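Keeping the supplied structure of chain H fixed, place chain W upon it in accordance with the hints.
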Amino acid sequence: MTDQIQSATGPQNDNDDERVKAMGGVRRWLIRPELGGIVGTIAVFTFFLIFAGDSGMFNAQGIMNWSLVSAQFMIIAVGACMLMVAGEFDLSVGSMIGFAGMSIALMGVTMGWPIWIAILLTFALCIAIGAVNGIIVVKTGLPSFIVTLAFLFILRGFTIFVPQVVERRTIIGGIDTAAEGDWLAPLFGGEVLGFLFQWLSDIGLIEVFSRGNRAGQPVIDGLPMLIVWAIGLMIVGQFVLTRTRFGNWIFAAGGDAQAARYVGVPVERVKITMFMFTAFCATVFATSQVMEFGSAGADRGLLKEFEAIIAVVIGGALLTGGYGSVVGAALGALIFGVVQQGLFFAGVESSLFRVFLGVILLFAVILNTYIRRIITGER
Amino acid sequence: MSSFDHDPVIEMTDIAKHFGPVIALNGVSFDIRPAEVHCLLGDNGAGKSTFIKTMSGVHKQTSGKILFEGKEMSFDSPRDAMEAGIATVYQDLAMIPLMSVTRNFWMGREPTKRFGPLRMIDFDKANTVTMEEMRKMGINLRSPDQAVGTLSGGERQTVAIARAVYFGAKVLILDEPTSALGVRQTANVLSTIDKVRKKGIGVVFITHNVRHALAVGDRFTVLNRGKTLGTAQRGQITPEELQDMMAGGQDMVALEGSLGGTV
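From first to last, the protein sequence lines stand for chains H and W.
Per our numbering, the very first residue in the first sequence carries number 110; after that it's consecutive.
Per our numbering, the very first residue in the second sequence carries number -18; after that it's consecutive.
Bound-form chain H, shown alone:
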């Protein structure tokens, strides 16, 4: 992107319009949506390297610890980011996570269906609910805030009610046993690149277990699929948003829906698709979580919708839509994960994490508003 811009501006410098003020390099860099995320990431890592550098936070297990937490945030942040760029919110993400996990447990354990069928049906069901969210928002013209708030309660209510009726409890275990030998489950709960970690331990870069029945094996078996999903979704999201036609329509739908309609952008279809994608991301999160824990709980995913939105805002997206970056949102999620786990490593009272969240959210929103003024030239 950058070199295209340079080649396009290069030959023009001699006949610049006198009304256009030259924009300095710093200022141009300032308007990149990822700015907040990059600065925040550097700040957070510097901080914890100084204050928790020797606590084990940056050895192999420590890195895996905060990477996993960050990857969870990242998966839902990518969905929330693209939806926010399209000009909408989804407050039902957290409830959707609980709902999807419970749906897999009910189908796979209670009803005894093969796990792959439970997973596929749950994906279909949740994406359909995402579509319903989107259709209601688009057809009624109501704010997505209200519509998805309704679904926050509806989905959470069912997630508590159904297992109580069917199983007389709100936590259903045994998913790990049910998933054994399943072909689809490892896509969410498995690990890849085990040989790489074996090799890393062979050359002494990561530790090996010194005792117990796994003595001699590396402390990390492989790269969890959760992280693979997070990075995969980020790359796909960034590509779609910045490089494709559909991505241009997402920006347009969020920037000014009416202007977009006038030039033939199918705004309704774009928005509904983004609601479905957000639901997809929530379901990926939920599936990975139930595979990891081996159980589904009715309270899973609580407050996740807000955490996703905060990560997206730290990542530079505007709450009003039309502007944002998937990479920025992923960095926001990374900041989140590193701080949440880092405070634990640094021995700080974990409730301070919430204070941190509130403060950083305020900073991010103020910074974003300032950047918006620079871009649009408002005063």
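None of these hints come from the bench; they were simulated from the model.
Please note that the accuracy of each hint is not assured.
[As the list claims (entries may be wrong)] As a list, the in silico DSBU-like pairs of lysine-lysine whose alpha-carbon atoms are at most 35 Å apart:
id	chain 1	residue 1	chain 2	residue 2
1	W	106	W	180
2	W	151	W	46
3	W	106	W	208
4	W	106	W	179
5	W	176	H	248
6	W	94	W	208
7	H	248	W	41
8	H	248	W	151
9	W	179	H	248
10	W	34	W	180
11	W	179	W	208
12	W	29	H	248
13	W	46	H	248
Owing to the predicted nature of the structure, the values given are computational and were not obtained by experimental measurement.
Only chain W this time, still in chain H's reference frame:
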């Protein structure tokens, strides 16, 4: 002007449009030929917006006939009208400020190229064409990824006009393109309108400013209370007469006198 050698691109006869009990248009006749600027003047509430929307395929007329290139026209959506070559530039909805000029210019018609199994926007082509088309209209962009929000109101109108011209508009409908602009920017937009006319495109210029209309117009039609009060050619009508017709026959001269100048 040689525009009278040509048949009209769009010919509208006796158009009426009712919204329930409200009669928005009640007998509008209007035509537009290639390479002319036909100004449609009218005060607020005269029915200008309804008229534009009928012409550009948003509304269907209740009665009356619309001929497009000699054939009866029936567009189901603005998209259809656009494909046929009728482009509309709306006053404040022309552009999305947060997006780059290139992204705005190509919105809805992004050029794509294949990259293995992936289809992505061809930004090289998109940027080059955008810079080139904007230069033709007399605007030198700092860079094609400059946000439209950094452009002035007149420049935004020009991007929208350049876009319509590039995508092969035969008729360009401009909805009050000068109403929110300062003197210098208005001059720029009017000169852009002149450039577009010279390309052989028919321009429908909607305004309530008589002076802006007289600066570029070849013909003038006044709309008042949902009716057209006739069409005059350049040189056949004075600014005062136009002003009076827009005001619906009220004695604007007396009013102007009391204000001590031209309104």
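Each hint, compared with the structure:
About 23 Å separates the Cα atoms of residue 106 of chain W and residue 180 of chain W, which keeps this hinted pair within 35 Å; it holds. Taking the CA atoms of residue 151 of chain W and residue 46 of chain W, the gap is near 19 Å; set against the 35 Å cutoff, the hint holds. A distance of roughly 46 Å separates the Cα atoms of residue 106 of chain W and residue 208 of chain W; the hinted pair therefore is violated under the 35 Å criterion. With a C-alpha separation of about 26 Å, the suggested pair residue 106 of chain W and residue 179 of chain W falls inside the 35 Å cut-off, and the hint holds.
Annotation: proposed proximity of residue 176 of chain W to residue 248 of chain H is violated, straight-line Cα distance about 41 Å (limit 35 Å). With a CA separation close to 49 Å, the supplied pair residue 94 of chain W and residue 208 of chain W exceeds the 35 Å bound. Our distance criterion of 35 Å between C-alpha atoms is met by residue 248 of chain H and residue 41 of chain W, whose separation comes to about 22 Å. With a C-alpha separation of about 34 Å, the suggested pairing of residue 248 of chain H with residue 151 of chain W holds against the 35 Å cut-off.
Simply put, residue 179 of chain W and residue 248 of chain H have alpha-carbon atoms about 43 Å apart, too far for the 35 Å limit, and the pair is violated. Taking the CA atoms of residue 34 of chain W and residue 180 of chain W, the gap is near 24 Å; set against the 35 Å cutoff, the hint holds. Distance hint between residue 179 of chain W and residue 208 of chain W is fulfilled; the C-alpha atoms sit about 30 Å from each other, no more than 35 Å. Straight-line distance between C-alpha atoms of residue 29 of chain W and residue 248 of chain H comes to about 28 Å, which keeps the hinted pair within the 35 Å bound.
Only pairs whose Cα atoms come within 35 Å are accepted, and residue 46 of chain W paired with residue 248 of chain H is accepted, the gap being roughly 33 Å.
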